[in-house]
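Please take these sequences and the hints and turn them into a complete structure.
Just so we're aligned: 6 in my numbering is position 17 of the sequence shown, and the numbers increase by one with no gaps anywhere.
Hints may contain errors.
As the list claims (entries may be wrong) - If you anchor each label on the Cβ, the simulated ranges turn out as follows:
#1 L32 with Q(-2): 32 to 38 Å
#2 D28 with G(-8): 16 to 22 Å
#3 L32 with G(-8): 14 to 20 Å
#4 P15 with M55: 28 to 34 Å
#5 Q(-2) with G24: 17 to 23 Å
#6 D50 with D13: 32 to 38 Å
#7 D13 with I54: 17 to 23 Å
#8 D2 with D28: 14 to 20 Å
It should be emphasised that the hints constitute simulated quantities derived from the structure, not laboratory data. Where a beta carbon is used, it is the ideal one built from N, C-alpha and C, also for glycine.
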Amino acid sequence: MNGNQDLLQVVLDVLRSEGHLPADLPATPETPLSGEEADLTSLDLLRVLVTLEEVLDIELDDAAIMNAHFATVGDLVEVVGRPAHRVATSVGGQPGGDDAP
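So, in structure tokens, the structure goes:
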């Protein structure tokens, strides 16, 4: 299984655990986040994103979230999986991690 498949499974697990997708639905990246399968409100989406940040131990960039269009499960996977959408964190007191001068 590759990283995208792993991330897809994490996103699906979170959506299911929070009651936004039926457990028996064979969801794919193309599964819509609104409609018959899932019907996320903007508040639901924020809760899912916060849960994904906690589960994956990441912090998403607010601008990336505000500028993203979340129509499908794949859109969630893309935003969460793209390093450019993550906030740089400090490691060892150096901004940007171990590579910082």
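Hint by hint, here is what the structure shows:
1. Between L32 and Q(-2) the CB atoms are about 24 Å apart, so this pair departs from the stated range of 32 to 38 Å.
2. The hint said 16 to 22 Å for the Cβ distance between D28 and G(-8), and at roughly 29 Å that hint is violated.
3. For the pair L32 and G(-8), the beta carbons lie near 29 Å from each other, so the given range of 14 to 20 Å is not met.
4. Roughly 31 Å separates the CB atoms of P15 and M55, a value that falls within the hinted 28 to 34 Å.
5. Here the CB-CB span from Q(-2) to G24 is close to 22 Å, well matched to the stated 17 to 23 Å.
6. Between D50 and D13 the CB atoms are about 34 Å apart, so this pair conforms to the stated range of 32 to 38 Å.
7. A beta carbon spacing of about 30 Å between D13 and I54 contradicts the range 17 to 23 Å that was offered as a hint.
8. Between D2 and D28 the C-beta distance comes to about 19 Å, which sits within the given range of 14 to 20 Å.
Of the hints listed earlier, those the structure fails to meet are numbers 1, 2, 3 and 7, in rising order.
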